[in-house]
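*Asks:* If you read the sequences in order, they're chains A and B. To get my numbering, take the position in the first sequence, counting from 1, and add 34. To get my numbering, take the position in the second sequence, counting from 1, and add 34.
Please note that the accuracy of each hint is not assured.
It does not matter which identical chain is meant; a pair holds if it fits inside one copy or across any two.
[Claimed, not checked] Straight-line C-alpha distance at most 30 Å; calculated DSBU-like pairs for lysine-lysine:
#, residue 1, residue 2
1, Lys-286, Lys-413
2, Lys-113, Lys-161
3, Lys-86, Lys-243
4, Lys-182, Lys-131
5, Lys-262, Lys-365
6, Lys-113, Lys-141
7, Lys-113, Lys-259
8, Lys-121, Lys-408
9, Lys-363, Lys-259
10, Lys-392, Lys-73
11, Lys-73, Lys-159
12, Lys-266, Lys-363
13, Lys-249, Lys-131
14, Lys-131, Lys-286
If you are wondering where the hints come from, they were derived from the structure by calculation, not from laboratory data. It should be emphasised that the depicted structure is a prediction, and the values quoted were computed from it without experimental measurement.
Number of protein chains: 2
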Amino acid sequence: MDRNLLLTPGPTQIPPEICEALGRPIIHHRTPQFQNNIKEVIEGLQYVFQTKNDIYLLAASGTGGMESCVCNLLSPGDKAITVDGGKFGERWGDICKCYGVNADVIKVEWGKAVTPEQIQAALDKNKDAKAVFITLNETSTGVVTDVKAIAAVVNKTRAVLVVDAISGLGVVDLQMDAWGVDVVVSASHKGFMLPPGLAFVAVSPKAFKYVQEAKSPRYYFDFRKSKKALEKVDTPFTPAIGIVIALVESLKRMRAQGLDQLFAHFALLAEGTRAAAKALGLTLFPDETCMSCALTTINLPAEINGEKLVKTLRDVHGISVAGGQDHLKGKIIRIAHMGCLTEEDILTGLEYLEVVLKEQGYSFAPGAGVNAAKKVFTK
Amino acid sequence: MDRNLLLTPGPTQIPPEICEALGRPIIHHRTPQFQNNIKEVIEGLQYVFQTKNDIYLLAASGTGGMESCVCNLLSPGDKAITVDGGKFGERWGDICKCYGVNADVIKVEWGKAVTPEQIQAALDKNKDAKAVFITLNETSTGVVTDVKAIAAVVNKTRAVLVVDAISGLGVVDLQMDAWGVDVVVSASHKGFMLPPGLAFVAVSPKAFKYVQEAKSPRYYFDFRKSKKALEKVDTPFTPAIGIVIALVESLKRMRAQGLDQLFAHFALLAEGTRAAAKALGLTLFPDETCMSCALTTINLPAEINGEKLVKTLRDVHGISVAGGQDHLKGKIIRIAHMGCLTEEDILTGLEYLEVVLKEQGYSFAPGAGVNAAKKVFTK
Chain A
35 MDRNLLLTPG PTQIPPEICE ALGRPIIHHR TPQFQNNIKE VIEGLQYVFQ TKNDIYLLAA
95 SGTGGMESCV CNLLSPGDKA ITVDGGKFGE RWGDICKCYG VNADVIKVEW GKAVTPEQIQ
155 AALDKNKDAK AVFITLNETS TGVVTDVKAI AAVVNKTRAV LVVDAISGLG VVDLQMDAWG
215 VDVVVSASHK GFMLPPGLAF VAVSPKAFKY VQEAKSPRYY FDFRKSKKAL EKVDTPFTPA
275 IGIVIALVES LKRMRAQGLD QLFAHFALLA EGTRAAAKAL GLTLFPDETC MSCALTTINL
335 PAEINGEKLV KTLRDVHGIS VAGGQDHLKG KIIRIAHMGC LTEEDILTGL EYLEVVLKEQ
395 GYSFAPGAGV NAAKKVFTK
Chain B
35 MDRNLLLTPG PTQIPPEICE ALGRPIIHHR TPQFQNNIKE VIEGLQYVFQ TKNDIYLLAA
95 SGTGGMESCV CNLLSPGDKA ITVDGGKFGE RWGDICKCYG VNADVIKVEW GKAVTPEQIQ
155 AALDKNKDAK AVFITLNETS TGVVTDVKAI AAVVNKTRAV LVVDAISGLG VVDLQMDAWG
215 VDVVVSASHK GFMLPPGLAF VAVSPKAFKY VQEAKSPRYY FDFRKSKKAL EKVDTPFTPA
275 IGIVIALVES LKRMRAQGLD QLFAHFALLA EGTRAAAKAL GLTLFPDETC MSCALTTINL
335 PAEINGEKLV KTLRDVHGIS VAGGQDHLKG KIIRIAHMGC LTEEDILTGL EYLEVVLKEQ
395 GYSFAPGAGV NAAKKVFTK
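Excised from the complex, chain A in its bound form (with noise of 0.2 Å):
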């Protein structure tokens, strides 16, 4: 069995002129050609997060810049507001904890978004906060936020709207600029079709004054020094220097596509994937009215033991998708639609889904699911 298909939201797939440039001898970083290569990425970088604003690479993993995002706009003693409505918006409040920062949370039920007035409400109580962390795609659940409507609210006040969208970005529509969001926190390995290993920040004035006022300790992701880098084309550590050269690549492909026909590419994913799943008799875990379409998150009948259909999907037939965490371990399978994945590794990954479905005694139309995708797919 030589498949490994990765319908996972994260990593994804790596198309092979990525895998081609990531196997490149290495070059050293303080080079003019280096330099060309991070002026390249940051250019690019700015397309697929629709700003002018700089943005600072990071040699860690998305939790790595959200953490950077927490460290250098805030003061222990500081107010700020976070989202729980899943392990990644959970994370912003961890986060927030450690370093002594006084975070209100807003409890979400896991499937259901926080809404714009959840967040005026939040405000209101605190009109001492100095920033709102938000997820974009909650990747646990499959939600998608309305980023939009948020930044509305939030630029009202004196506090910074600050968007994790790792696993969101050039996937689903975030317009930094236009929206007026402040920080955006984003990684290699989901929309980028790259490895893990490298996190992307981008901060606005308002927010970098913020930057400048804050006590936190930081030192290696001290965004003060990626600033006085950045301005001489540099980084202020030795970078993640394989992988922002395969970015490169990875931002050409993406500018190539245009970011409308990216998010339409994954809309239609989603789509199918969703008409896939009603057709199979099953429910989907987002509330209609916030689903996203980076991923797809599908309810697993009672019958069905989740954790034994992922395992036999990845070791028989070569199809990762992703299982439940916490208390929906076991009970949702999560199928990614991010990066380079077409609807041809959608329909395969729902032909195998049924016939794992089918020998755990699931009963449907065979070749319902695949059928119903398909017909999205050529409408």
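Put chain B on the given structure of chain A with help from the hints.
*Replies:* Quick look at chain B alone, frame taken from chain A:
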């Protein structure tokens, strides 16, 4: 000009079989397959670190690894001892300061090594010091530290000894367990012949007690999370999957050669390079008693424009060496011996060093450097 020979002290050349591993399609990290990689990598690292201690994998470059030591071991107001005899020793002091740690900095002239007596005196003066931070191979000067002798001194106290072995590990001897070193930090892009972006930290049980007590904020770099994850052959956050997989190949190569063979090889390259410098009438920067075998630092004659020399070597001849930093800018060159470099690579570097020295009007017997090195290599 297709040559791209890196004689720089990080990143170092990547051998073809490691480039191949870096270019492979990615696998998911929460799989038995990747767990096997983690297991193999930890065992291999324990061989290179000469330890049975836990080793944590951090998706970060070397400085992230250094910061992880400070924030995991110490609390604001704690006392520590650092050594400033070059850029990287200075960094320990800077990171301590950033975390509110009260560091007694031992100033050492660049080119000299800190002595066990100086460490003893600092410990006598600071009986409450909790940690001593030193540098195995000070890359900015080419000086190696006598870690064994210093460990013998520190081991008599309550302080833990933390060694930055980022550019020295696998290149010069460091016997973590036999010498009683408490924490050793290293990184992927020096002796391990990999791209930057992966740091390793080995932590003794004595040091882990401090980790449990320390009050500095840390989340992404939290060793408590790393330890818990390692027990399940996992990492707390998404690891640098691509580099970890390539590290399997790198460690196979290092183990096949054997540590003693590696140390002897780098010592030979250093001996040849030093002989070449002397034969060219050049002097060596570090004190004779503490010259590192990881790299050779050569003083340039006053008439030579060092920055131009480095640039010409790179842009005209495809050979990268490092220049000087800070007050040594333009005054020295640093030729690395680490990783997969061969005698032939060093001879090529020396050949073009002669070409560029001659171009800049420096007079010497043509071929004297190359021949002196050859003589050492063939003896």
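*Asks:* At most 30 Å between CA atoms: does that hold for Lys-392 and Lys-73 within a copy, between copies, both, or neither?
*Replies:* neither (52 Å within a copy, 35 Å between copies)
*Asks:* Given identical chains, is Lys-113 near Lys-259, meaning Cα to Cα at most 30 Å, within a copy, between copies, both, or neither?
*Replies:* Both, since 25 Å and 26 Å are each at most 30 Å.
*Asks:* Are the CA atoms of Lys-73 and Lys-159 at most 30 Å apart within a copy, between copies, both, or neither?
*Replies:* neither (43 Å within a copy, 49 Å between copies)
*Asks:* Given a CA cutoff of 30 Å, do Lys-249 and Lys-131 count as a within-copy pair, a between-copy pair, both, or neither?
*Replies:* Result: close both inside a copy and across copies, 15 Å intra and 13 Å inter.
*Asks:* Regarding Lys-113 and Lys-161, is the shortest C-alpha distance of 30 Å or less found within a copy, between copies, in both, or in neither?
*Replies:* within (9 Å within a copy, 39 Å between copies)
*Asks:* Reference check for the pair Lys-131 and Lys-286, CA-CA at most 30 Å: within, between, both, or neither?
*Replies:* Neither. Shortest intra-copy (39 Å) and inter-copy (42 Å) distances fail the 30 Å Cα cut-off.
*Asks:* Can you give me the call for Lys-113 and Lys-141, within, between, both or neither, at a CA distance of at most 30 Å?
*Replies:* For Lys-113 and Lys-141, the Cα distance is within 30 Å only inside one copy (17 Å; across copies 41 Å).
*Asks:* 30 Å Cα cut-off: does Lys-262 pair with Lys-365 within a copy, between copies, both or neither?
*Replies:* Between. Shortest inter-copy distance 25 Å satisfies the 30 Å Cα cut-off; intra-copy 48 Å does not.
*Asks:* Can you give me the call for Lys-363 and Lys-259, within, between, both or neither, at a CA distance of at most 30 Å?
*Replies:* Classified as between: cross-chain Cα gap 21 Å, same-chain 41 Å, threshold 30 Å.
*Asks:* When no copy is named, should Lys-266 and Lys-363 be tagged within, between, both, or neither for a Cα gap of at most 30 Å?
*Replies:* between (47 Å within a copy, 17 Å between copies)
*Asks:* If the cutoff is 30 Å on CA atoms, where do Lys-286 and Lys-413 land: within, between, both or neither? Let me know, please.
*Replies:* This pair counts as within: shortest intra-copy Cα distance 29 Å, inter-copy 52 Å.
*Asks:* Classify it for me, Lys-121 with Lys-408: is the Cα-Cα distance of at most 30 Å met within a copy, between copies, both or neither?
*Replies:* This pair counts as neither: shortest intra-copy Cα distance 32 Å, inter-copy 60 Å.
Violated hints for the displayed structure, listed by number in ascending order: 8, 10, 11, 14.
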